[in-house]
Amino acid sequence: MKLEQLLMTPSPHRARFWLLAIFVLSGFAGLIYQSIWTHYLGLFLGHAAYAQALVLAIFMGGMAAGAAWIAKAGQKWRNLIRGYAIIEVVIGIFGLLFHHLFTGVAEISYDHLFPALGDTSAINIARWLVAALLILPQTILLGMTFPLMSGGIIRRFPGNDGNVLGGLYFTNSIGAAIGALVAVFILLPRVGLPGAMVAAAMLNFAVAALAWWLAREPEPVKPSDFNVQTEQRLGHSPLLRTVLFGTALSGAASFIYEIVWIRMLSMAVGSTMHSFELMLAAFIAGIAFGGLWVRNHASKTQQPLRLAGWMQIFMGIAALGSLAVYANSFSWVGWIMEALARTDAGYALFNAGTAAIAIIVMLPAAFFAGTTLPLFTIALLQNSYGERSIGRVYAWNTFGAIFGVFFAIHFLIPNIGLKLSLCVAAVIDLAVGLVLIRMHAKSSGKLFPFALAAASSLLAIVLAFRVPFDPMQLASGVFRHGKSSVSKDSEVVYYKDGKTASVSVINTKPGALAIATNGKPDAAIMMAPGIGPTADEPTMALLAALPLTMHASPQKIGVIGFGSGLTTHTLLGDQRVKRVDTIEIEEAMIQGARLFGPRVERAFTDPRSHIIVDDAKTYFSGQSLKYDVIISEPSNPWISGVGALFSSEFYKFIPRHIAEGGLFVQWIQLYEIDDALIGSILKAMTPAFEDYSAWISNSTDLIIVASPKGPLPKEDLANILSDGALTAELARQGLTRSEHVRFRKIADAPMLRGFTHAYANFPANSDYHPILGLVAPKTRFKGIFAEGLLSIPYQSTPFLEALGVRQPFPQSMEPSKVEHFPAELNTWRARALLTELNGGDGTAMAPHIVDRRSLTPATLLREAAAQCNNRTDNYTQRFSALLREFHESTIPYLSEDTMKGAWTNPAWQKCTNIPNDISEAIGLLAAISDRSYTEMNRRGREWLEKSTDGKVTRREFNDIALSAVYLSHAHSGQWEKIMEAESTIGKNIISIGDYQKQRRLLNAMAASMTQK
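The numbering of the sequence shown is this note's numbering, which starts it at 1 and goes up by one.
Rather than coming from a laboratory, the hints here were simulated on the basis of the structure. Note that the structure is a prediction, hence the values are computed from the model and not measured. Using N, Cα and C, we set each Cβ at its ideal position, and we do this for glycine too. Please note: incorrect hints may appear among the correct ones.
Okay, derived cross-link-like pairs now, EDC-like style, lysine to aspartate or glutamate, Cα gap no bigger than 16 Å in a straight line [said to hold, decoys possible]: (1) K900 <-> D930; (2) K488 <-> D470; (3) K652 <-> E217; (4) K714 <-> E690; (5) K483 <-> E338; (6) K714 <-> E739.
Label-pair distances were calculated between CB atoms; the ranges are [as the list claims (entries may be wrong)]: (7) K509 <-> K782: 28 to 34 Å; (8) Q996 <-> G118: 50 to 56 Å; (9) P763 <-> G530: 18 to 24 Å; (10) K509 <-> G482: 18 to 24 Å; (11) M202 <-> K782: 32 to 38 Å; (12) E217 <-> N383: 50 to 56 Å; (13) A324 <-> Y794: 48 to 54 Å; (14) P822 <-> A356: 39 to 45 Å; (15) P218 <-> P763: 48 to 54 Å.
Please put together the full structure from these sequences, using the hints given.
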């Protein structure tokens, strides 16, 4: 049967079916709005947790206001379903216009409103008020939809109110649960925030059209036909007071649960966009199935308030029981992490496991929460309070939800923690349930149900308090590595549930302190004397030191993100600095960092230090101050909301707050992320700055220093070595000379532009197309590294020298012996290898770094050279492999002066009749060693011209020869010749490993340069 025939069939059953079906789509669109509004307002408020709270509150508040108004006004309407259709159309129009409205309002706020207000308190009030007004009209309209649809169906199909209300609650909620998932897993990756809003608007229009057509005839029963109580005033009706206060408290408890559960589960499964929507969907699905159950039972009960009382009891007990379930979730996540392969399919299964854990924790209590609203409503309908009671109950329930959201975030969680906050909400539910059950125990003989409920509630509370909330688990970060507890030789010395995140400080052997957010370590400092620094310390020190070495007068500095406080502490070691504003959005992080004591002392005690708890963009907008340096060191970009600090909009915003000649410094992780995502960040960042360069501080942290106008100044450690405090901090990191800093430089502006060009098909990370937030959780799960950038300091050729980025250490200068930057350790080994090859003792150079085994390539090469009269193919092939290994182990780290005699008239090679291929290979390596770029080009081309003879020896050096040609052209700026060589001599050459990465980058740079 065709759709049109079905719709035209007069069967009441079918007509009601189609009305329920379109309400599924309405709920679907509604949760797309809620999800996408959360992302929009997260950009404006500065943190996803604040946005989630505000959207929940305004979503509930607007719906409450809409429901309350329509509850009274709708009684005069003759066709509620068509009224519903009109509302859906208006909601759709708002959806189409929202993106343009948001961007315009945000621009006006940042450029005009916030600067005009100046005062931080006034700005915060304005920020929250503007954010609320952006979505309030739509939420008021959304609040009208449930009363209009339910009232319209009850008028058309009277006599089965419980079935109708439960069915509507189920269909709307199940549509909402699906909408939450579709928003983040399908719409956002494909069409971004604006496209998702348009998709939801299209659904609104479709729903409106269907509803309008289904309601061709007005409702057959007018409101006046109902036997409605004349007394509708709250103060004069005990039943009305009981129901409305009961549903408000129930709504408050339910949303405290939601906030607390999401915060708790974030520590087990990670604070990502995906995990949040999975948790939200699990909560709403529970509510939906509660509505489905009550649909078949509500109309059969003669005492709906008594049944609601038992549902409240069961909800409170289930919520308390969720604590015990949650305590096991860390072990479950650990098992999942150990069982799954680190692949795309594995990540999909991880999300499925996340959803399953969220369902196990949330669904039981959410199920009972889904039964209470219909039951409270039916209690009034059965007592002749009329269809207005639908909107009133809905309004009071949502007003309670608003209170619950703000009470949880701003009072309960910061003051008593997550566990006790959930217990408070459960006690509210249990108290409401006991009151309702006691109301129906008219005589002492009927008190047994009440006594049973009270005893069960008391037992559940006692058992819940005994459930351990082990900080060793909460701080474990199990979602990253699969370990469900902090190691036994460590101790959690600080744990605090803050407004936006849970912060812990862990003392690990042999004496390092690490501060973590929701289980993710953000910084670690070695506190024990006599032990070298942690891997995080050079990053934090260089974030401060690099701009200080470049800027002539860095008086005013802004730092985004407090972390351990070491960056701020280091900055304040420079007496040229007059003011450091450190902006941190979570106060618990600042309090936890105090445990680092004297290592970050200046951040807390120096009068030049100002710590501000706020969103960075909002704070900067409200200040007339412009900074000489702004340093951004937020948390990892896979965390929900953090990607906005790596977006094109953020990078366009920052230069407005940098003074003339000022600098911007950005930290970027190179672990748990891939090259394409790094390219997305760089593609967002580079258009906003004229010059920029990149350094690697350890083995996996990238630091970019950028100049909004003009060339980037050269780093000079002499600018800061006069300050004893700063000198001591840098010396601890092994940074005592300018060359130590310059050696960590891995890229300049042309290289970074070329790197982004290599990923031209990957879009720039944007606030409205949040690539990082959507893709980075997967790269975190897969444990991917940005190998393309990480390999640059260790290229097997003088790649960085040819491009003028860095030089090896002079022979007279010692590299650092702090074992954080592997290229420095490789330099020690390269020097030892050369010494060993020339007959010396390589291990004597740096015994604690170089051992006899690491010098094997030199030993074997010297031994092979002594057998040079052996002209067999096996010998030639083995000798070639040894030459290549020694070359790649030394050439990137030793200067041409140091390498003199290694390949040109080498003392270790005394044969005069070595095979021609070996002789030509040594000549090629000599040209590269001498940095004779013209000779590199000639010898490389000559080698490749003879490479077609198929000999293994020639194939062994083909990629080295091609690299020599490319580097000679890059050194002289002949980028078009690289592209020409790629299409001619390079087309049949297979490059592997580092040579493949280098070749790709050089071709991307050539394409980028020739497109200018």
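To see whether the hints hold, each was checked on the structure:
no.	hint	verdict
1	K900 <-> D930	holds, 7 Å
2	K488 <-> D470	holds, 13 Å
3	K652 <-> E217	violated, 55 Å
4	K714 <-> E690	holds, 15 Å
5	K483 <-> E338	holds, 9 Å
6	K714 <-> E739	holds, 12 Å
7	K509 <-> K782: 28 to 34 Å	holds, 30 Å
8	Q996 <-> G118: 50 to 56 Å	holds, 55 Å
9	P763 <-> G530: 18 to 24 Å	violated, 49 Å
10	K509 <-> G482: 18 to 24 Å	holds, 21 Å
11	M202 <-> K782: 32 to 38 Å	holds, 35 Å
12	E217 <-> N383: 50 to 56 Å	violated, 30 Å
13	A324 <-> Y794: 48 to 54 Å	holds, 50 Å
14	P822 <-> A356: 39 to 45 Å	holds, 41 Å
15	P218 <-> P763: 48 to 54 Å	holds, 51 Å
Hint check: violations occur at hints 3, 9, 12; the rest are consistent with the structure.
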